[in-house]
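Visitor: Here is how the chains run, residue by residue.
Protein chains: 2
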Amino acid sequence: MIPRDPAELVGLARVGSRTALARLLTYVESGGSAQLATAALAYAAPAPYVVGLTGPPGAGKSTLTDQLITTALKRGSFDGTADFDEVGVLCVDPSSPFTGGAILGDRIRMQDHATNDHVFIRSMATRGHLGGLSLAVPDAVRVFGAANFRLVMVETVGVGQMEVEIASAADTTIVVTNPGWGDAMQANKAGLLEVADIFVINKADRAGVRETRRDLEQMLDLGGAKEWRPTILETVATSDTGTEALWDAIGDHRRFVSGARLEEHRRRRMRAELDKVIAAMVRARIGELAHGESYEEQVSALLAGSTDPYRAAQALLDDQ
Amino acid sequence: MIPRDPAELVGLARVGSRTALARLLTYVESGGSAQLATAALAYAAPAPYVVGLTGPPGAGKSTLTDQLITTALKRGSFDGTADFDEVGVLCVDPSSPFTGGAILGDRIRMQDHATNDHVFIRSMATRGHLGGLSLAVPDAVRVFGAANFRLVMVETVGVGQMEVEIASAADTTIVVTNPGWGDAMQANKAGLLEVADIFVINKADRAGVRETRRDLEQMLDLGGAKEWRPTILETVATSDTGTEALWDAIGDHRRFVSGARLEEHRRRRMRAELDKVIAAMVRARIGELAHGESYEEQVSALLAGSTDPYRAAQALLDDQ
Numbered sequence: 087m088i089p090r091d092p093a094e095l096v097g098l099a100r101v102g103s104r105t106a107l108a109r110l111l112t113y114v115e116s117g118g119s120a121q122l123a124t125a126a127l128a129y130a131a132p133a134p135y136v137v138g139l140t141g142p143p144g145a146g147k148s149t150l151t152d153q154l155i156t157t158a159l160k161r162g163s164f165d166g167t168a169d170f171d172e173v174g175v176l177c178v179d180p181s182s183p184f185t186g187g188a189i190l191g192d193r194i195r196m197q198d199h200a201t202n203d204h205v206f207i208r209s210m211a212t213r214g215h216l217g218g219l220s221l222a223v224p225d226a227v228r229v230f231g232a233a234n235f236r237l238v239m240v241e242t243v244g245v246g247q248m249e250v251e252i253a254s255a256a257d258t259t260i261v262v263t264n265p266g267w268g269d270a271m272q273a274n275k276a277g278l279l280e281v282a283d284i285f286v287i288n289k290a291d292r293a294g295v296r297e298t299r300r301d302l303e304q305m306l307d308l309g310g311a312k313e314w315r316p317t318i319l320e321t322v323a324t325s326d327t328g329t330e331a332l333w334d335a336i337g338d339h340r341r342f343v344s345g346a347r348l349e350e351h352r353r354r355r356m357r358a359e360l361d362k363v364i365a366a367m368v369r370a371r372i373g374e375l376a377h378g379e380s381y382e383e384q385v386s387a388l389l390a391g392s393t394d395p396y397r398a399a400q401a402l403l404d405d406q
Numbered sequence: 087m088i089p090r091d092p093a094e095l096v097g098l099a100r101v102g103s104r105t106a107l108a109r110l111l112t113y114v115e116s117g118g119s120a121q122l123a124t125a126a127l128a129y130a131a132p133a134p135y136v137v138g139l140t141g142p143p144g145a146g147k148s149t150l151t152d153q154l155i156t157t158a159l160k161r162g163s164f165d166g167t168a169d170f171d172e173v174g175v176l177c178v179d180p181s182s183p184f185t186g187g188a189i190l191g192d193r194i195r196m197q198d199h200a201t202n203d204h205v206f207i208r209s210m211a212t213r214g215h216l217g218g219l220s221l222a223v224p225d226a227v228r229v230f231g232a233a234n235f236r237l238v239m240v241e242t243v244g245v246g247q248m249e250v251e252i253a254s255a256a257d258t259t260i261v262v263t264n265p266g267w268g269d270a271m272q273a274n275k276a277g278l279l280e281v282a283d284i285f286v287i288n289k290a291d292r293a294g295v296r297e298t299r300r301d302l303e304q305m306l307d308l309g310g311a312k313e314w315r316p317t318i319l320e321t322v323a324t325s326d327t328g329t330e331a332l333w334d335a336i337g338d339h340r341r342f343v344s345g346a347r348l349e350e351h352r353r354r355r356m357r358a359e360l361d362k363v364i365a366a367m368v369r370a371r372i373g374e375l376a377h378g379e380s381y382e383e384q385v386s387a388l389l390a391g392s393t394d395p396y397r398a399a400q401a402l403l404d405d406q
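Read top to bottom, the protein sequences are chains A and B. Following the working numbering, the numbering of the first sequence begins with 87 at its first residue and continues without gaps. Following the working numbering, the numbering of the second sequence begins with 87 at its first residue and continues without gaps.
Just so you know, these hints were derived from the structure itself, not from any lab. There could be a bad hint or two in this list.
For identical chains, the list gives no copy identity; a pair is met inside one copy or between any two copies.
[Unchecked claim] Taking lysine to any residue pairs in the SDA-like style, the calculated list, with each CA pair at most 20 Å apart, reads:
hint: 1; residue 1: LYS275; residue 2: GLY144
hint: 2; residue 1: LYS160; residue 2: ALA390
hint: 3; residue 1: LYS362; residue 2: ILE372
hint: 4; residue 1: LYS362; residue 2: ALA387
hint: 5; residue 1: LYS312; residue 2: GLU280
hint: 6; residue 1: LYS275; residue 2: THR112
hint: 7; residue 1: LYS275; residue 2: GLY246
hint: 8; residue 1: LYS362; residue 2: ASP404
hint: 9; residue 1: LYS312; residue 2: ASP91
hint: 10; residue 1: LYS275; residue 2: ARG352
hint: 11; residue 1: LYS362; residue 2: GLU382
hint: 12; residue 1: LYS275; residue 2: GLN247
hint: 13; residue 1: LYS312; residue 2: GLY277
hint: 14; residue 1: LYS362; residue 2: SER386
hint: 15; residue 1: LYS362; residue 2: ASP405
hint: 16; residue 1: LYS362; residue 2: ARG340
hint: 17; residue 1: LYS275; residue 2: ASN234
hint: 18; residue 1: LYS362; residue 2: GLY373
Just so you know, these numbers come straight off a predicted model, no measurement behind them.
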C-alpha cells in the first residue's frame with residue numbers, strides 16, 4: 087500500500103519509489119492541502135538543475151528531448167562537477183484541451199525511456215492548483231529535487247506568453263525552431279529573445295537554415311549587448327545529429343550561470359514565483375469577493391452610473 | 087486657456103471642445119488622481135455604443151474603419167433608433183513599442199477624417215494607468231460618452247490574448263481577417279471565436295476567399311450552437327466594397343443585443359472591468375509589498391529552503 091501522507095511519500099520517493107513520486111506530482115497538480123504539505127517538503131530540498139525547452143508544435147522538441155536524455159545519461163554530468171544518473175522530464179502543453187494529441191504522441195515517442203529506470207517522464211496537467219501550470223510546474227520541479235533528481239527537463243509546447251513564462255523558469259532555456267521559422271515565432275519574438283539561452287534550429291537538413299540563422303543573429307544584434315549572447319545551434323534530432331554539441335552548449339551556459347550569477351538568477355526566479363503565489367491567493371480572495379452581496383450592489387451602482395469602477399473596487403477592498 | 091479641472095473639462099467637451107476631450111483622454115491614460123476624478127464623471131454619463139475591430143497587422147483594419155466612419159456619418163443611425171452625428175475612434179496597439187510605425191501609418195491614412203469636425207481619432211497609449219490599456223480603453227470609451235458621443239469604434243492591432251480582451255469590451259466585436267488567414271490567427275483561435283460577433287474577410291478580391299470562409303464556417307460549427315452565430319462578410323476596403331453590408335450587419339447584431347441581452351452583456355462587462363480594477367489595485371499593493379524588508383526576508387528564507395512560496399505568501403499577506 088502506498089501511503090497518502092506527503093512526508094512518507096517523500097521518504098519513499100527519495101529511495102526510488104516511482105509510485106510515490108507520481109502521487110506527489112498529482113498532489114502538486116491538484117492543489118489543496120496535500121499540495122501545500124508537498125510544497126513545504128519539496129522546497130526544503132535542494133533544487134535540481136532545470137533545462138527548459140520550448141518551441142512551436144511540430145518543431146521536434148520531443149525527439150530532441152529524447153536525444154538529450156540519452157546524452158545526459160551517457161555523460162552522467164555536465165562537466166564533471168555535477169553527477170546524476172537519473173533524469174526527470176515534465177511535458178507541459180498549456181493549450182492541451184485543444185491539442186491533447188500532441189502530448190500523447192510525445193509520450194509514445196518517449197516510450198523507450200518510459201520503461202527506463204533512470205528516466206521519469208510526466209505530462210503535467212492542472213486539476214485545481216490555484217496558480218495553474220505556471221505554479222504547478224516549479225512545484226513539480228522541486229518535487230523531483232526532493233526525490234533526489236539532480237536534472238529535470240521541462241518541455242513546453244507553444245511560444246505564447248504563458249509557454250515562454252513556464253519555459254523561462256529554467257536554469258538554461260532552449261528555444262527550438264526550424265528552418266523558415268518566421269510566422270510561428272513572430273507573435274512573441276520579444277518574449278522568446280528575452281528568455282532564450284540557446285536557440286536550436288532543428289530539422290537543419292531542410293532548406294533555409296542559413297536564412298534562419300541570419301534572422302536569429304540579426305534579432306540578437308537588435309536586442310543589444312547582453313552578458314550572455316544566446317548560442318545558435320543546428321540539429322537533426324531524428325538522426326541524432328548535433329545533440330552532443332547541444333549538450334556541451336548547455337554545459338557552457340551552466341558554467342556561465344554558476345556561482346554568484348546562479349544565486350542571483352534563482353533569487354529572481356524565487357521572487358517571480360512568490361509574486362505569482364501572492365497574486366493567485368489574492369485572485370482567490372477576489373473570487374470569493376465576487377460572490378458576495380456587496381459585489382452585486384456595486385455592479386448595480388455601476389450600471390446605474392452612480393459609481394465608477396475605481397470607487398467600487400476601493401469600497402470592496404476596504405470592506406474585506 | 088483650457089482648464090485643468092476634470093469637471094470643467096467635461097463641461098467643455100460636452101459642448102464640443104476637442105481640446106478638452108483630448109485632455110480628459112490624456113488624464114485617463116496617465117493614471118493618478120486626475121484619472122480617478124475623470125472616471126468618476128465619465129461613468130456617470132450614458133455609455134456610447136462600442137464597435138470593436140481587431141485582427142492581425144496588415145489585415146486592413148484602418149482602411150475598413152475609415153470606410154465605416156464614412157458610412158456611419160452618412161447613415162447617421164444604425165436603424166433609426168439611435169442617431170449620431172459624431173464618431174469617436176480609439177486606435178490601440180498594445181505592442182506599439184515594437185510596431186509604432188503601424189499606428190503612425192493608421193493616423194496618416196485616417197487624415198481625411200482627422201480634419202473632420204464629426205470625427206475624433208485618438209491613438210491610445212498608457213502612460214501610467216494602473217491597469218494598462220485593458221482598463222484605459224474602457225475609461226476612454228466612457229469619456230467619449232461624457233462628451234456626448236453615441237458611437238465609438240475601437241480598433242486594436244493584433245490577435246493575442248490582450249488585444250482580444252480589449253476588442254471584446256465592445257457591444258459588437260468584428261474580427262478582420264484576409265484570404266488564407268491561417269497562421270496569424272491560429273495561436274489564439276479559441277479566443278477569437280469566443281469574442282467575434284462578425285468575421286470580415288477583407289481583401290476579398292484575392293485568391294482563397296472560399297477556403298477561408300469554409301474554414302471559418304467549420305470553426306463555428308465545431309464551436310457548437312450559440313445564440314448568435316457570427317456573420318461572415320467579405321469586403322474590399324480599398325475600393326469600399328462591402329462596407330454598407332458590414333454596417334447593416336453591425337445593425338443586425340446591435341438589434342440582437344438590445345434590451346435584456348444588452349443589459350446582461352453590459353453587466354458582464356462591468357463585472358469584468360471591476361475585477362480588473364480590483365486586481366490592478368491589489369497588484370499595486372503587492373508591488374509595495376515587494377519593496378518591503380519582510381519580502382526580502384521571505385525570499386532569503388525560500389532560497390535557504392526554510393519556507394515554501396505558499397507559506398511565504400501567506401505570511402506576507404497576513405502581515406499587511
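Visitor: Each of the hints needs a verdict: does it hold here or not?
Guide: Hint-by-hint comparison with the structure:
{"no.": "1", "hint": "LYS275 with GLY144", "result": "both (18 Å within a copy, 18 Å between copies)"}
{"no.": "2", "hint": "LYS160 with ALA390", "result": "neither (69 Å within a copy, 32 Å between copies)"}
{"no.": "3", "hint": "LYS362 with ILE372", "result": "both (15 Å within a copy, 10 Å between copies)"}
{"no.": "4", "hint": "LYS362 with ALA387", "result": "between (32 Å within a copy, 17 Å between copies)"}
{"no.": "5", "hint": "LYS312 with GLU280", "result": "within (10 Å within a copy, 40 Å between copies)"}
{"no.": "6", "hint": "LYS275 with THR112", "result": "neither (33 Å within a copy, 30 Å between copies)"}
{"no.": "7", "hint": "LYS275 with GLY246", "result": "both (9 Å within a copy, 13 Å between copies)"}
{"no.": "8", "hint": "LYS362 with ASP404", "result": "between (23 Å within a copy, 16 Å between copies)"}
{"no.": "9", "hint": "LYS312 with ASP91", "result": "neither (46 Å within a copy, 46 Å between copies)"}
{"no.": "10", "hint": "LYS275 with ARG352", "result": "neither (24 Å within a copy, 35 Å between copies)"}
{"no.": "11", "hint": "LYS362 with GLU382", "result": "between (27 Å within a copy, 15 Å between copies)"}
{"no.": "12", "hint": "LYS275 with GLN247", "result": "both (10 Å within a copy, 15 Å between copies)"}
{"no.": "13", "hint": "LYS312 with GLY277", "result": "within (15 Å within a copy, 35 Å between copies)"}
{"no.": "14", "hint": "LYS362 with SER386", "result": "between (31 Å within a copy, 17 Å between copies)"}
{"no.": "15", "hint": "LYS362 with ASP405", "result": "between (24 Å within a copy, 18 Å between copies)"}
{"no.": "16", "hint": "LYS362 with ARG340", "result": "neither (26 Å within a copy, 40 Å between copies)"}
{"no.": "17", "hint": "LYS275 with ASN234", "result": "neither (36 Å within a copy, 41 Å between copies)"}
{"no.": "18", "hint": "LYS362 with GLY373", "result": "both (16 Å within a copy, 12 Å between copies)"}
Hints 2, 6, 9, 10, 16, 17, counting from the list given before, are not met by this structure.
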